[in-house]
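Hey, can you piece these two chains together into the complex? The hints should help.
The chain contents come next:
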Amino acid sequence: MTVAPRLSTLLLAAITILVAALLYSPLFVPIVSSFFPVARGEVDWSSPTVSTYVALAANHEILLALRTTLVVGACTVVLSVAGGTLLALYYHGRRAGRSLLQFIIFLPFLMPPIISGLALLIFFREIGIERSLLTVVIGHTVFVLAIVYRTVLTRLQSMSRTLVEASYDLGATKWQTFWRVILPNLSSAMVGGAILAFALSFDETMITILVTGTQTTLPVRLWAMMRLGFSPDINALVALILMFTVLLCALAARFLVPRQIATQRS
Amino acid sequence: MSGTGSPQPLNGRWSPLVTVLAFALPAIFVLAPLAIFLVYSFFSVDQGQIVYAPTLANYARFFTDPVFLPVFWRTIVLCLSVAAISILLAYPTAYFLTTLEGRWRYALLMLLMVPLLMSYVIKIYAIRSILGLNGFLNKALVALGIITEPSTLFVFNMNAILLTLTLLLIPFAILPIFLALERIPQVLLRASDDLGATGLQTFLRITLPLSMPGVASAASFVFVLAIGDFLTPQMVGGISGFTFGRILYSQFGTAFNWPFGAALSVALAVVVILAILAGERFGRNRGTSH
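These protein sequence lines are chains A and B, in that order. Position 172 of the first sequence, counted from 1, bears residue number 172 in the UniProt record's numbering, the numbering being contiguous throughout. Position 68 of the second sequence, counted from 1, bears residue number 68 in the UniProt record's numbering, the numbering being contiguous throughout.
Simulated from the structure, these hints should not be mistaken for lab results. Given the structure is predicted, the values throughout are model-derived calculations rather than measurements. We put the CB at the ideal spot given by N, CA and C, even for glycine. There could be a bad hint or two in this list.
[As the list claims (entries may be wrong)] Some residues of chain A that are not near chain B, with every Cβ distance over 12 Å (derived): (1) W45; (2) P48; (3) T49; (4) V54; (5) A57; (6) A58; (7) N59; (8) L70; (9) A74; (10) C75; (11) I104; (12) E126; (13) T141; (14) F202; (15) D203.
[What the hints assert, rightly or not] Listed next, the stretches of chain B that the computed footprint assigns to chain A, with coverage defined by at least 3 CB atoms under 8 Å from CB atoms of chain A: (16) 36 to 42; (17) 94 to 108; (18) 116 to 130; (19) 226 to 235; (20) 250 to 261; (21) 268 to 275.
Extracted from the complex, chain B is given alone in its bound form (with noise of 0.2 Å):
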């Protein structure tokens, strides 16, 4: 890839002007950045001061505070089930995008995309007022018979963030379901029905185990997503519905707590990297058709 044929012009006299910005950008601006933040993680407040000097008190209390573990795995156990219901809900329909011809597969995936869009703000605003009281949700429950008068299930809790991210999230789970849905090879699932298989065994044994890197994806991709928003538990959750995120954006409002804040991200991102590793695991393999 070196020499003339390659196209790289920014050699000769810029050169070294050119090496020192592309290494120095990224050190400066993210690098360093998550670098003094990790360092904040082992500092200490005292009276609204931070206390230069390192300590593991933020972890230790972390670990041992009655209130943060408990909110911390029922955040994740919320992420997943997250991920769960947009999987369900994805999985269906990226596969009746691909058994559309050409053109109308990739409009309505489009479609289903421009959501994506609309301003989160206003998406999270709106959403609660289709869940609300007075909601949408409840007129169309009451009109269907299901319950007899309007209910606060789903307004100020946990169920209410979880139906938000949701609805929020499910258009990054239909993408990589449907990109891996997409490169299993016609010639298989034809293959699979010439030996006599039925349509289910061809979906059981063929098309399920092979879309599972992208059902991986798509889990990695809305947990991640999920677990990072501290808007949305903000504006639906309520008092009851206290999550990760919340706790650790008020660190640095409220609480003004920023070493704690700090190190309350670090387990935060442990989580996230274990999951974005988790699904390039399971979610590579792609390449299975070329």
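Excised from the complex, chain A in its bound form (with noise of 0.2 Å):
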């Protein structure tokens, strides 16, 4: 038609690539200082160099905060998956008091971290638990189990009733019906929700330096490092990180995210 639309286009066109260059600004500069020499500001583009790596492999404090984090995550996945799974198999098909036990859940989620934080801080010194990996877990946990509650009950609320009414009708007792039949059906939505509450538990860093003993986790490690600036090693641990966690989000989306705009476009 006119000039005007093709211009306004060209305008939001300019507009999404500055917001996408402004998103990933920050992830560039670690990577990037991982791979090239940086001094002053100025990235030495002559001298590729994988040194940051190699003196990644000996930094043991990191090391150590990295394996904390995956312990804690691996504990955080089981008992939210546990726990979102039970709840959402309770709540869904219920009626009295539901979506107040719902709001109790989604609580730690929509309220700062601060707040959820401090909550569960001074919880644990009433009840007089002393702070350790144990509390994280459980921060994370409470953190993150309204992720998994929804996902699970989303599948829950989608499959069909004549599933579990043909099972009945063959003859399957309540126990077959659920190993054989619901399990299987949920099994996608647990898997995609146990990656995204590994996620969450993987880069929380609020509720976790409120909670965390002297053993922690690697962002609180990082957080308590940047007072003083980065050594180069830790770019290399930034980059590598970010690869897993986008192949991690891929691996999410095959769970999760076909299924929903399949339902969305028919």
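Encoded structure:
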């Protein structure tokens, strides 16, 4: 048609590119500096190096924090998937008190982390639990539970009732129906929820800072180191973590997204 | 939804145990901590010891002390600005996404969401180095001739907090606006076109009003996330960039006044709840297309 629509599309595209550049700029800084030496804000493009990666392998403090993060993440995944699935199965199809309980589960996710974290901090102090990795795991689980619950519940609601009815008609008991019909149908939602839970736990910083003991997770370790400035090997770690999380995200998308888009389209 | 038809295997023998768990878990790990926290805001501190006697002194101090209310309002204005700037950048981006064809649309949306996965702490650190005196932003501005020499305008002050929070939170604004725009029925736009409206008229009278729920949700998300953040102001705010979150955090660290910190948290919670309710109220009306 006229020039105006094309011009506006160009403008929109320009703004989108600007936003993408803004969003990715903080990602590129550490990745570039993991391969090239940086001095006084100038990147020395002439001498690529992997020395930062070698240095990382020798940084025991960071590797220990990374291991702690993975352990905390694994515990959080197990607890939140078990708890979230249990709550979803229990609340599903129930009327009494469901919206209230649902609201309570979502509170830690909706409230600013500083409030959830401080509430847990005071709670642990009052009931006499020392701050440790256990309190971190509890904090993370309380935080991510809503996400797993929501994911499993959504799948449960989209599941056809005829599947369960057919199972009963064919003479299956409640437990047989649960293990052979319901659980297999929920499994991909549970895996998706588990990945989301792990990703959230992996990067959780604000609640962790408040409830952690002496042994702590990677983000909190990095936070403590940041005041002094990072050594170059941290950049290598960041690059690796980014690759890992993108991979994880792609995996989560495979388990969660296609189905949702498919239902939207139909 | 009840009866044999719905998938409810958790009845029968295990039922009592499951019922107890389903009610006890949220009660113990969510309600109890929040309730204790609320009660704490009515206690006081004497020589490093918490006095377990009810008092309104913390709230009186919050409202009368010349320090806290100004910081409180300033933080609210800061976070509203973050929300406004995020939306100004996110709206055209989300709009552009909806003009793309199916596969490209979601690929680009994913691409814009990926930075959310990156470690929060690392992003703050990287942004700080970009904004810094020797950072990329200053270099670019000097190279473009906008300023003659590196400026300290973006380090360790409120501007730095504003820019950093915006950069961190834009994806949370893109997503709800995109979803709202995507749900606008194409037939409405075609009808408007058929009736002789120009592209701008169609946008102003149909697209913009119908996407406002998404904008409201985006504003609420970004505001809540910004006001609850105490790490970013701590890291890029320096001495002059003092926000409510930092004051709150300091009550549990250096100042060691947990009850007063709890009272400040209640004030923060009130603002957050109001923002969430506002987002819910104006973000409703989403199902227009179906």
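Hints and how they fare:
1. The beta carbon of W45(A) sits about 15 Å from the closest Cβ of chain B, which is more than 12 Å, so the claim that it is off the interface holds.
2. The claim that P48(A) lies off the interface holds: its Cβ sits roughly 20 Å from the closest Cβ of chain B, which is beyond the 12 Å cut-off.
3. Here T49(A) stays apart from chain B, with its beta-carbon at least about 19 Å from theirs, past the 12 Å limit.
4. Even its closest Cβ contact with chain B, about 20 Å, leaves V54(A) beyond 12 Å, as expected for a residue assigned away from the interface.
5. Separation of A57(A) from chain B is adequate, the least Cβ-Cβ distance of about 19 Å exceeding the 12 Å criterion.
6. Distance to chain B confirms A58(A) as a non-interface residue, since its nearest Cβ pair spans about 20 Å, more than 12 Å.
7. Chain B leaves N59(A) outside its interface by the beta-carbon criterion, the shortest separation being 15 Å against a cut-off of 12 Å.
8. The Cβ of L70(A) lies farther than 12 Å from every Cβ of chain B, with a closest approach of about 14 Å, so its non-interface assignment holds.
9. The non-interface label for A74(A) is consistent with chain B: the shortest C-beta to C-beta separation is roughly 18 Å, beyond 12 Å.
10. Separation of C75(A) from chain B is adequate, the least Cβ-Cβ distance of about 15 Å exceeding the 12 Å criterion.
11. Not every CB of chain B lies more than 12 Å from the CB of I104(A), the least distance being 4 Å, so the non-interface label is violated.
12. Not every Cβ of chain B is farther than 12 Å from the Cβ of E126(A); the closest lies at roughly 6 Å, contradicting the non-interface assignment.
13. The Cβ of T141(A) does not lie farther than 12 Å from every Cβ of chain B; its closest approach is about 8 Å, which violates its non-interface assignment.
14. Here F202(A) does not stay apart from chain B, with its beta-carbon only about 8 Å from theirs, under the 12 Å limit.
15. Some Cβ of chain B comes within 12 Å of the Cβ of D203(A); the nearest lies about 6 Å off, and the non-interface call is violated.
16. Using a Cβ-Cβ cut-off of 8 Å, 3 residues of the region 36 to 42 of chain B lie near chain A, which meets the minimum of three, so the contact claim holds.
17. A stretch counts as covered by a chain when three or more of its residues have a beta carbon under 8 Å from one of that chain; for the region 94 to 108 of chain B and chain A the count is 6, and the coverage holds.
18. Judged by the Cβ-Cβ criterion of 8 Å, the region 116 to 130 of chain B is covered by chain A as claimed, because 13 of its residues qualify and three suffice.
19. Given as covered by chain A, the region 226 to 235 of chain B passes the check, having 6 residues with a CB less than 8 Å from a CB of that chain where 3 are the minimum.
20. Restraint check on the region 250 to 261 of chain B versus chain A: 3 residues with Cβ-Cβ distances below 8 Å, three needed, restraint holds.
21. Remark: the region 268 to 275 of chain B is confirmed as covered by chain A, as 3 of its residues place a Cβ nearer than 8 Å to a Cβ of that chain, reaching the required three.
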